[in-house]
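Enquirer: Sequence:
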Amino acid sequence: MRLYPDPDYMPAVRLGEPLGCVQEILRMGADPRAKDGKGNTALYYLAGDDLTGVWLGTGKRQIFYELLKDGCSQDINMPNNAGRTVAEFIFDDNGRMEDEKMGNHGECSRSHDADFRNWQDVDHEVFTALDDAGIDLRAKTSESGNLLHLVARSGLSQERLIWRSQFLVDKGIDPTAPDADGWTARKIAEHYRLNKFRFYEELGKLERGGVEVEGQ
1 MRLYPDPDYM PAVRLGEPLG CVQEILRMGA DPRAKDGKGN TALYYLAGDD LTGVWLGTGK
61 RQIFYELLKD GCSQDINMPN NAGRTVAEFI FDDNGRMEDE KMGNHGECSR SHDADFRNWQ
121 DVDHEVFTAL DDAGIDLRAK TSESGNLLHL VARSGLSQER LIWRSQFLVD KGIDPTAPDA
181 DGWTARKIAE HYRLNKFRFY EELGKLERGG VEVEGQ
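Quick note on numbering: the UniProt record's numbering labels position 52 of the sequence shown as 52, and the sequence is numbered without any gaps.
Incorrect hints may have been included.
[Said to hold, decoys possible] Think about it this way: if two alpha-carbon atoms lie no more than 35 Å apart in a straight line, the pair counts; the simulated DSBU-like pairs of lysine-lysine are: (1) K171 x K35; (2) K140 x K187; (3) K38 x K171; (4) K38 x K140; (5) K38 x K187; (6) K187 x K171; (7) K171 x K205; (8) K69 x K140; (9) K69 x K35; (10) K171 x K140; (11) K69 x K38; (12) K187 x K205; (13) K69 x K187; (14) K35 x K140; (15) K140 x K205.
[Claimed, not checked] Cβ-Cβ distance ranges computed for the label pairs, FRET-style: (16) A139 x K187: 16 to 24 Å; (17) M78 x Q158: 14 to 22 Å; (18) T58 x R208: 25 to 33 Å.
The hints are simulated quantities; they were obtained by calculation from the structure and are not laboratory data.
Remember, predicted model here, so these are calculated numbers, not experimental data.
Even glycine gets a Cβ: it sits at the ideal position worked out from N, Cα and C.
Using the sequences and the accompanying hints, generate a full structural model.
Expert: See below:
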């Protein structure tokens, strides 16, 4: 398939620019809900490419929102062949530290000055879009845990982990629930030994009772 845009189509797509190619292919009539051999649609790949990154993430978030509006919201809770959902891709960063997570599509977003945003604004924007699309944040993950278990092993900053934990508990996730190994989110976080002591303390508070999320 041709990846160059029509001469009259603006903005022009640079060769090798993944997001621009996605936009062009969709403009040419590709099915946004088409799945690959792993059961993933474009929505899953965007979700798994540091969708909530504060650096150079505006472009992929825009396409993600467009896909949700174009019918992909019907797939928002559907697991792929490995049992992973869009929510799991977004919350599971495999412990990577925040400054390592530039994403595979960074070069095709805006400049650093134009694209840098506060992480709380980004999280609130993305999770609001997911809420509007009907996402089930309480669904079991592919590892038979919940999303809070994924947050517990994340490499994000303490402040962001605390906000996400409060957000998920506010949405109905039980902070005392064990995963398949019988571990709670707090035990997982302490096991990873990332020295995020305020985060551990917050998970303990959530186990003992609710905490209202700031900024909601």
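Enquirer: Each hint should be assessed against the structure and marked as holding or not.
Expert: How the hints compare with the structure:
no. : hint                    : in the structure
1   : K171 x K35              : 29 Å, holds
2   : K140 x K187             : 18 Å, holds
3   : K38 x K171              : 29 Å, holds
4   : K38 x K140              : 19 Å, holds
5   : K38 x K187              : 32 Å, holds
6   : K187 x K171             : 21 Å, holds
7   : K171 x K205             : 16 Å, holds
8   : K69 x K140              : 25 Å, holds
9   : K69 x K35               : 18 Å, holds
10  : K171 x K140             : 14 Å, holds
11  : K69 x K38               : 23 Å, holds
12  : K187 x K205             : 13 Å, holds
13  : K69 x K187              : 38 Å, violated
14  : K35 x K140              : 22 Å, holds
15  : K140 x K205             : 23 Å, holds
16  : A139 x K187: 16 to 24 Å : 21 Å, holds
17  : M78 x Q158: 14 to 22 Å  : 33 Å, violated
18  : T58 x R208: 25 to 33 Å  : 38 Å, violated
When the structure is compared with the earlier hints, violations turn up for hints 13, 17 and 18 and for no others.
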